[in-house]
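Turn these sequences into a full structure, and let the hints steer you where they fit.
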Amino acid sequence: MEQVTDLLLRRLSYNGVSPDEVPWLVGDVLNAAGEAEETSVSMINRRLAVLGPDKEILDESTLALIMCLAEECDEHRVERHL
Numbered sequence: 259m260e261q262v263t264d265l266l267l268r269r270l271s272y273n274g275v276s277p278d279e280v281p282w283l284v285g286d287v288l289n290a291a292g293e294a295e296e297t298s299v300s301m302i303n304r305r306l307a308v309l310g311p312d313k314e315i316l317d318e319s320t321l322a323l324i325m326c327l328a329e330e331c332d333e334h335r336v337e338r339h340l
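Just so it is clear: in the sequence shown, position 9 is 267 by this note's numbering, and no numbers are missing.
Honestly, the hints are just simulated from the structure, not real lab data.
All residues carry an ideal CB built from backbone N, CA and C; glycine is no exception.
It is possible that part of the hints are untrue.
Distance condition first, Cα-Cα at most 20 Å in a straight line; then the derived DMTMM-like pairs of lysine to aspartate or glutamate [claimed, not checked]: (1) Lys-313 <-> Asp-286; (2) Lys-313 <-> Asp-278; (3) Lys-313 <-> Glu-260.
Label pairs and their calculated CB-CB ranges [as the list claims (entries may be wrong)]: (4) Ser-271 <-> Ala-328: 17 to 25 Å; (5) Ser-276 <-> Ser-319: 17 to 25 Å; (6) Pro-281 <-> Ser-319: 15 to 23 Å.
Here's what the structure looks like:
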């Protein structure tokens, strides 16, 4: 999981996202993905543009990394409750 996090941070940094902005960005991406009937990079980038970033931050690979981290977090929550 550490490798996924490192890669995600590098990709977002390359797109101009500071480390302090990563948690809110990931939260916004997950909220947008959860509210949509169909999740796509272009749809999420449009939703993010309404919130502030004036350029497309996500690509398919970055979205996949975020979703991978979200799945890992969900698995750990389930394990703690078992």
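Check your understanding: Honestly, do Ser-271 and Ala-328 meet the 17 to 25 Å range at C-beta?
Key -> Given about 20 Å between the Cβ atoms, the range holds.
Review point. For the pair supplied as a hint, Lys-313 and Glu-260, is the alpha-carbon distance within the 20 Å limit?
Key: violated (27 Å)
Review point. Between Pro-281 and Ser-319, does the C-beta distance stay in 15 to 23 Å?
Key: holds (20 Å)
Review point. Do the Cβ positions of Ser-276 and Ser-319 conform to the proposed distance bound of 17 to 25 Å?
Key: holds (20 Å)
Review point. Given the hinted pair Lys-313 and Asp-286, is their alpha-carbon gap at most 20 Å?
Key: OK: Lys-313 and Asp-286 at ~15 Å, within 20 Å.
Check your understanding: Given the hinted pair Lys-313 and Asp-278, is their alpha-carbon gap at most 20 Å?
Key -> With a Cα-Cα distance of about 18 Å, the restraint between Lys-313 and Asp-278 holds, given a limit of 20 Å.
Checked against the numbered hints listed earlier, the structure breaks hint 3 alone; every other hint is satisfied.
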